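Chemist: If you want the building blocks of each chain, they are given just below.
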Amino acid sequence: MKTILTALALILVLGGPALADDRLEVVCTVTDLGWLATEVGGDMVEVTVLCPGPRDPHFLPAKPSLARKLGRADLLCYTGLELEVGWLPVLMDKARNPRVRPGKPGDLDCSRALETILEVPTGTVSRAQGDVHPQGNPHYLLDPRNGVRVARLMAERMAALRPAQAAAFRRRADDLAAALATRIAAWHEQASSVAAHPLVIHTKQWEYLADWLGLDLMGAVENRPGISPSPRHVDQLVDQARSRGVHLLIAAPWNHLDVARKAADRMDATLIILPAAVQSLPTATDYITMFDVIVAELTRPTGD
Amino acid sequence: MKNLCIGCGVALLLALAVPVLAQSSTATGVNREFNPAISVNALLLGRVADQSTERAVNGADLQEAEVQFTSIVDPYWKANLIFAIHPKHAHDHDGDPDDAHEAGGYSGHVEVVYVDGQELPAGLGMRLGKDFLPFGKHVPLHTHQFPFVDAPLAVRTFLGSHGLTETGVRLAHGLPLPWYCDLEGYAVDGKAGIFAAESRDAVFGARLINLFDLTDDATLEVSGSWLRGPMAHDYLMLHPEDPLTGDLQVWGADMTWKWVSSTSTHGPAMTLTGEVILPQPDQGAENPSGWYAIAQYRFQRNWWLGLGTGAMDRDLPHDPDHADEEHHAGLWHWQKASEYKANLTWVPSEFSALRLEVAHFKDGVGDADDTLVSLQFNFTIGSHPAHLY
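Protein chains in written order, with the numbering used here: chain A, 98 to 401; chain B, -16 to 372.
Please keep in mind that the hints were generated in silico from the structure rather than gathered at the bench. Note that the coordinates shown come from a computational prediction; the quantities given were computed from them, not determined experimentally. Zero decoy hints are in this set.
Here are the simulated lysine-lysine pairs, DSS-like style, with alpha carbons at most 27 Å apart:
| no. | chain 1 | residue 1 | chain 2 | residue 2 |
| --- | --- | --- | --- | --- |
| 1 | B | Lys113 | B | Lys71 |
| 2 | B | Lys61 | B | Lys174 |
| 3 | B | Lys113 | B | Lys61 |
| 4 | B | Lys61 | A | Lys166 |
| 5 | A | Lys166 | B | Lys241 |
| 6 | A | Lys201 | B | Lys61 |
Covered stretches of chain A (in silico footprint by chain B; criterion: 3 or more residues with CB under 8 Å from a CB of chain B, positions within the stretch not fixed):
| no. | stretch |
| --- | --- |
| 7 | 145 to 153 |
| 8 | 182 to 188 |
Even glycine gets a Cβ: it sits at the ideal position worked out from N, Cα and C.
Start from the sequences and build out the full structure, keeping to the hints where you can.
Modeler: Printed below as a string of structure tokens:
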């Protein structure tokens, strides 16, 4: 028994949180949040991202090694609105980290920064509608104005966790907001020509982008999220798209591109694959270049 | 007239309900905000056997339904309760002929009820309550998570056909190594079929998990399990005149390679799993062993292919009623049973699946070989917690 107790004590001592430097350990679920946290925190934080850019954040395999990273976190930043519901709760249980449990200072649901949540279902919510998000559309980081709001929220939380560096966090968030404001205006003006034309999307996740740029999203190939579209729905969408002169079909890199490509061909439209997250395409290296790529692709003359 | 009365009754209830809903929960005490998340998972199974004519094997029925409740208790505990319902067969009554007439209905039991500590220091995990024991890769799975309709032959034979759920305490902690390494130990009661805990007896066990990230898309898990407890008097379905006594110790090792393509949602994915189970009973069968190997491959968005095989070896009496005499006379025979399985599963969404399976069993003696063809439908409704990796 003495041997067992000694071994247990040794495990607890060795397995406890390593003596970290003074930097705040921030774990972000997705790359967009990771970039924002890095910008706000600078060298005062150590940022780890759980879901790599090229992977669909709805379906990240909940590898135990990710729980190990989460176990070291002082601050967890997640998208919320149930985007990560398929894997984050599993990692939270495995991580055994009371600092980031819901309600604790280290728990940051970034959707709380939003002024408006789009597509909050009204009436009965049913899975007959597919894999809907009952609290609203979680893809709000595709509107850069929301990126600014999230950055400010992060700064406040980091300030609360590291009061000595509060001013630095807030200053960095202000600097980021100023830099983004200039770009946001430029992107909006650059994309103004696209607003006149209806677009088709592969999966519902571009609504915040459309809301910001004034895009006319005519319909989705995958009309029920997470469910393969029926041939009848695709036929109807193709007919509608052709009658309205749709030129572009938008998809994310992780969508079923063969299905999207066939639909685009039938519509005589061009399939464009836009970065739906930072690093989801090699060209979208950060949050700013992601919108550079999105706007450039949307405004590129078709046929190029 | 009857419909009119029902209609009036419903209208009256609605009229009464409106003011109740408008009232403050402070006064009514009726507040649904804290209700647990509720989900139901059901497995429907139709099956026909080539040889067996037992009703328990042939026919169509509910295989199992689980009703799950999950909630945060308070800042310190998170709770989970699963109530399982399954068909009642004659073997559920331990062969008691007086109960046999009840076969054909359904019975239910609390399969899982536990709390997980939420505020423990130093990365320590603690689970109090009843749950599947963390032995190997298959034992912790709920029926709707099985890669095939039935558990592997070696698991059913050596660790019980009804799942290994026990009540007690489990402690877990990560080890400070460059890869993911988690050690879990437990002390539980011994009520499952393979145990015969009496008085202050308990079952002890441990599991060590090592998981290596080979690439962003692939992992390799190499793990080991051990448990020890008072052996059931009829372990391995032996019924000697003198009931078996002593302890049962079981060792296990398992390896899983998993690959999930990151290029596309619901893109290609593959899992290869192998497990070895080595029971060491103090008395009865000598040096039994078993293993299984399973391959699962998602070759299209909604389609999975599964292949599995496994075997077990054990020493058995020709006549269990005279096991002791046979054992002393050296008359026990060595049984090598094996199985081969293949299935095709259509998964139209995360919440339903339809599976067609063919399984062939060779019992090693030759008089009970059989082939089973199964069609299984699995659905989930409600707020079901995400599954482990």
